[in-house]
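S.K.: Chain W is already provided as a structure; the job is to place chain F on it using the hints.
Order-wise, the sequence lines are chains W and F.
For the first sequence, position 305 matches number 305 in UniProt numbering, and the numbering has no gaps at all.
For the second sequence, position 7 matches number 7 in UniProt numbering, and the numbering has no gaps at all.
Read the hints as simulated data drawn from the structure, not as lab findings.
Careful: at least some of the hints might be erroneous.
Pairs count within a copy or across copies, as identical chains cannot be separated in the list.
[What the hints assert, rightly or not] Cut-off 25 Å, straight-line C-alpha distance, at most; resulting in silico cross-link-like pairs (BS3-like, lysine-lysine):
#1 K191 / K110
#2 K110 / K252
#3 K24 / K231
There are 2 protein chains.
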Amino acid sequence: MSSAEVPSKFHGWCAVSKDSIEGKFVWQEYEPKAFADDDVDIKIMYCGICASDLHTASGGWGEVDYPQVVGHEIVGEVVRVGSQVKHVKVGDIVGVGAQNDSCLECVQCKASRPQYCDNNPVGTYNGRYSREGPGKGAKSYGGYADYHRAPGHFVVKIPDGLDHAIAAPMLCGGVTVHSPLVQYGAGKTAKDVGIVGIGGLGHFGLLFAKALGANVTAISHSESKKADAEKMGATRFIATHSGSDDDFAPYKRSLDLIICTTNDASMPLIGYLSLLRPGGHLILVGAPEGPVARELPAFPFLFGNVSLGGSAIGSPSTIKEMLELAAKQNIKSWIERRPMEDVNRVIPDMNASKARYRRARFPVFVVYVLVNTKNGGKL
Amino acid sequence: MSSAEVPSKFHGWCAVSKDSIEGKFVWQEYEPKAFADDDVDIKIMYCGICASDLHTASGGWGEVDYPQVVGHEIVGEVVRVGSQVKHVKVGDIVGVGAQNDSCLECVQCKASRPQYCDNNPVGTYNGRYSREGPGKGAKSYGGYADYHRAPGHFVVKIPDGLDHAIAAPMLCGGVTVHSPLVQYGAGKTAKDVGIVGIGGLGHFGLLFAKALGANVTAISHSESKKADAEKMGATRFIATHSGSDDDFAPYKRSLDLIICTTNDASMPLIGYLSLLRPGGHLILVGAPEGPVARELPAFPFLFGNVSLGGSAIGSPSTIKEMLELAAKQNIKSWIERRPMEDVNRVIPDMNASKARYRRARFPVFVVYVLVNTKNGGKL
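Same shape as in the complex, but just chain W (with noise of 0.2 Å):
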């Protein structure tokens, strides 16, 4: 397909209110940042739904420059590369993540770690790009659209024998847990890995710490993730119930890392602390509205040389890595196929956190990818 077939402006599902989660998207037309030599063209086949995008279009996590097309877990095929663009080719099957560009040039950048840039980290929606070129001072528009347009470097091709719909949900929510867990050596020298929360972030930590050879605890408030937890990788599963010291007493510094997953501000995080063992690291991935913690006190970190720390989605290099990890291990993500159209019906149901768990006599979890049929996407 040549450039001449991508149309001038994007059609996409646009929030233009703080109402938008309620069935309030408006397919629309924009206008994307102007076509750079590095840039690629992609026709969305598959969008995964990511909490961000609730939180982004209901303005949940600060002021929103509307309108805005959310939607970061995108996978389509490449219909034009820009000239500098070496790594992909017109009709590879691609993904894009939820980061959409940076500055390339500062130290985090050189050291493959785009997600921390230094300068201005550009969001694939809600962002605005800030480099030199043709698409400088533009907005950022997401994957629940006909196309989407992205700086060739956050482009990465999704290996063969993953099955494309099962990739989307990879590319934010699963690079956000498979990122620290790589980072703090689960497998090697994290042996013993927890997941706090079982959702869309914490059934990837438990696929991925599984997939790295890490043995497996899932942290839930209650033992009604259970089966689902086991069947995702756990072999031991901490209910933490009210989040007493009780609760977490058997299980006293008996893991190496957790990746917490949950965005419960009254999680009971000084009872996560007492799961690790000296040197062990909680790596927060989620986002609560209101603090982690109140009343932090000293003597858990001291005494037990342990510590906190936090992680933001993934590299376009981790990505790779872990889409090829998931290729070989045939790791699948626990999604439901949606078409895109009904994007005003699946939205409120995942708001709604039905999509989270389903309260149903055996409670299945899974994460909505949306499908564009019209791009060739399968549902």
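M.R.: Only chain F this time, still in chain W's reference frame:
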């Protein structure tokens, strides 16, 4: 000297009530633990005064089983060794830090990290021995005394060339900062190191961070300690003043590691975290009586990829390594020697923070070391 010359009862400056630190230590007899095959008896020449001594003697850190002999920066001459002790002999000059015993069998003890013993890390004072043997159940007594009896595993030889009085405060204060500096790669993976607080611990932080090859930044409330900090090795000084973002902004993401020695419960923790590069660590070694943070938010951890940890004292093997470094590089603690018999004058001075930083025109920071001239200590 044969064992016959070691008295069966020891004498020391005993804390007998919460007001002991107001000049009411009492010189009296007490019974040390029964001598075991792996014990060492030490004729005390020097004992540094550590802030922990005051917290414990006064009951500030919780209930205390009086009488207590505090002091855990002990240097003296070996006068008796048990049959199992091979690494020191009668006549050697040795030191004992803040830890006196541990189970010696758990994963942490076997990994030379007995300060994080899974079972019972026994303090040099205010502890009770729990290993099988003649001393099981006995109280531990520290160094404001004529003799000290310690399990040999926690007795370290003072290397040749290191002044014995100068070595004393390194045994707790020194290793408390040296241990995390080494654990987190100061001078190696962590080239740029910050030390918060220029007090007993902080001055060692500056001295040892420099000795380990790091670029050292001193971080203090005001500029008053700048000249001293530079003498101790700092090449950059950050005054945090009010703790507002403006005070930190010019230095954002400029450090790889921060050792936080302050006891100030109102410390600007989020400001300190903003000084770290992604992947950086803020390590607490001071123990405020209140919480170190209220309303701890998640975002600085996520977007900064920084972590908050803690570290307690140091193992005998780390003490040995530190003393050898100090001997080799001629590192000198900033000390003032005071006769041990004057303890009831010295402690009230220190309690009033005069020792930490004198209110003089040219302030000079010092750590007090009690000198037992009867046993050969030199004023």
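S.K.: If the cut is 25 Å between Cα atoms, do K110 and K252 qualify within a copy, between copies, both or neither?
M.R.: between (40 Å within a copy, 19 Å between copies)
S.K.: When no copy is specified for K191 and K110, does a C-alpha distance of 25 Å or less occur within a copy, between copies, both, or neither?
M.R.: Classified as between: cross-chain Cα gap 18 Å, same-chain 30 Å, threshold 25 Å.
S.K.: Quick one: K24 to K231, C-alpha cut-off 25 Å, is that within a copy, between copies, both, or neither?
M.R.: This pair counts as neither: shortest intra-copy Cα distance 36 Å, inter-copy 65 Å.
The structure fails hint 3 only (numbered hints given earlier).
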